[in-house]
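Chemist: Residue-level listing of the chains:
Protein chains: 2
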Amino acid sequence: MQITRINLEPPYLIYLGDVPDLHHAKTGAGVAYWRPENCVGQIRLPDCPVDLGLPEMSVQDAKDAGVKTVIVGVAPKGGQIPANWIPQLAELAGAGFDIAAGLHTKLSDTEDLVTSANKSGAKLIDVRMPPPNLPVANGRPRTGKRILMVGTDCAVGKKYSALALHRELDRRGIKATFRATGQTGIMIAGEGLPIDSVVADFISGAAEVLSPDNDNDHWDVIEGQGSLLNPSYAGVSLGLLHGSQPDAVVLCHDVQRVETEGVSGDYPIPELDEVIDDTLRMAHRTNAKCFCAGVSVNTSSLSDFERDNYLSKLQSELGLPCVDPLATGMSPIANFLLKYAS
Amino acid sequence: MQITRINLEPPYLIYLGDVPDLHHAKTGAGVAYWRPENCVGQIRLPDCPVDLGLPEMSVQDAKDAGVKTVIVGVAPKGGQIPANWIPQLAELAGAGFDIAAGLHTKLSDTEDLVTSANKSGAKLIDVRMPPPNLPVANGRPRTGKRILMVGTDCAVGKKYSALALHRELDRRGIKATFRATGQTGIMIAGEGLPIDSVVADFISGAAEVLSPDNDNDHWDVIEGQGSLLNPSYAGVSLGLLHGSQPDAVVLCHDVQRVETEGVSGDYPIPELDEVIDDTLRMAHRTNAKCFCAGVSVNTSSLSDFERDNYLSKLQSELGLPCVDPLATGMSPIANFLLKYAS
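Those protein sequences? They're chains A and B, same order as listed.
Each position in the first sequence, counted from 1, maps to that position plus 1058 in my numbering.
Each position in the second sequence, counted from 1, maps to that position plus 1058 in my numbering.
Honestly, the hints are just simulated from the structure, not real lab data.
All the pointers check out, no bait thrown in.
If several chains are the same, the list does not tell them apart, and a pair holds so long as it fits within one copy or across any two.
In the DMTMM-like style, the derived pairs of lysine to aspartate or glutamate whose C-alpha atoms are separated by at most 25 Å in a straight line are:
1. 1347 x 1319
2. 1126 x 1170
3. 1347 x 1332
4. 1347 x 1329
5. 1371 x 1382
6. 1347 x 1335
7. 1347 x 1324
8. 1347 x 1317
What you are looking at is a predicted structure, and each value in this text was computed from that prediction instead of being measured.
Please work from the sequences and hints to get the whole structure.
Modeler: Here you go:
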């Protein structure tokens, strides 16, 4: 029985349709920002105001440029594929390009796309759909090293922190792979597993598949999902934590987040030292050596002065490197990680 | 959007096929033992050696007895429906009885059954299949009281302990409902949600649906799944814990279980006070008042003398009632629960 991960083949053409603004094209913008080497162009409908600054391409241009995969880099309202996009997407599928999307409507449920793809042999890849044959986790310790982003909540910068840390390790010549667990991350990495979409029994098994045995000096930098504190998604977070068997975690936080978002009831974010302590207690079940390598905080709501004060104070309280991944960078966390990982 | 739970209508006819021994008929035996008032008969193939002691029925007998649902109370090898069972099951479906099963092969993928059921209007109910439209958990505190079984591992007696505690509360005239989270539990309760089969994002949402708002003096006694200590299934267990918002937990254990079963690597069962402490830390996220109402231990491997010693020692160490649900009964845990639940 073959175990598979989602796998997208570069180079990419980013599809933008006719979304009204950059906010609706976050996935495409993320892929263009983090993986410029994989993006050879963009294709849009005539009235599309969004421009990622990539070369504009026709279907023929894309063929000439050797494009392998069209990334639907947009989230249209409601998550459906708008009817006016389908002819262009069908033309691209008919030209033999794989199409990858993370929409609510599956590509494979869209008849015109399936017909065109069947004729050309192109693949339609729904990155929200987990692959078949995922195993139940077996808990076997794996070779290689792993660091997992954990969060005080959803949407506090786990993906961004993972990508920034991966880039920092890569810059230093350290063997490292970014491991994507959500749809945008998968589009950026070109592979991964949508961990929140697997059947509950297989969460940790999927995490084990995602970061297999590796060289002893290789780091998997694993994108987190949800939060142990979030009463909607904590099961996903714990399954990912156990299956990842991380040697270290980075706690990701947004300085403005004082309570869990999107829920009813009283769910304040506790003190960060308590969050770290609870996380490590759970992490130690599958890796007794796991430690916290730092705290990565989105401080974009603060002035430079306020940010410096906040991060210095936090750092002295926790005794850990505390950074803003955008404003101050991940270098202190990389230093701490490499110093203390045995 | 209607939110549904699986729902089986009594009275039941227990289907046994031709399984070789009682071990393969555990589900049927469980339903007959815990819900004798719902079981009017059994039906078997000519050579079946297993007998649950229920009245033997033909299809006509079952019609006359007013049977509503046929419970496939067996687990054939490999989880497939044996070909020689299908004619009899199709006859039962054709006679208008709903058929409920928890096999790997879905009833609804078995053509002869679907044809017969479509003709008669009978339902084919796969209890491993979660209902559609499960919501993401919202974390809203609910009215009524809840107690959840948690375990040091899978298969340590969580279902049995929940059913025994429910029976004890019922005996005392306390309003209580057993809430089933696994397939055998669902067959026994006649309703429930297979919590380990839902998509990861919806684990806690399913748990919220399973135990809705209720009278202030009503107890939901919730069957547990997996264990926070089990590196394969802890995500399921935490999602269920958070979504259940329990006022109390009972820790279930098997005295012979010294390490997590079915995994590779070093996964010893910690001291029980540590397990209780970690469980309550996580439980407090959705119910700050949650406490441990006792420990329910399968001590069937011990002599009476050894059992008394073991339970007395444990009880004095933990300061909690420690029982064997079969040998000593759940009464001390019910006493403790009702005394300390506010």
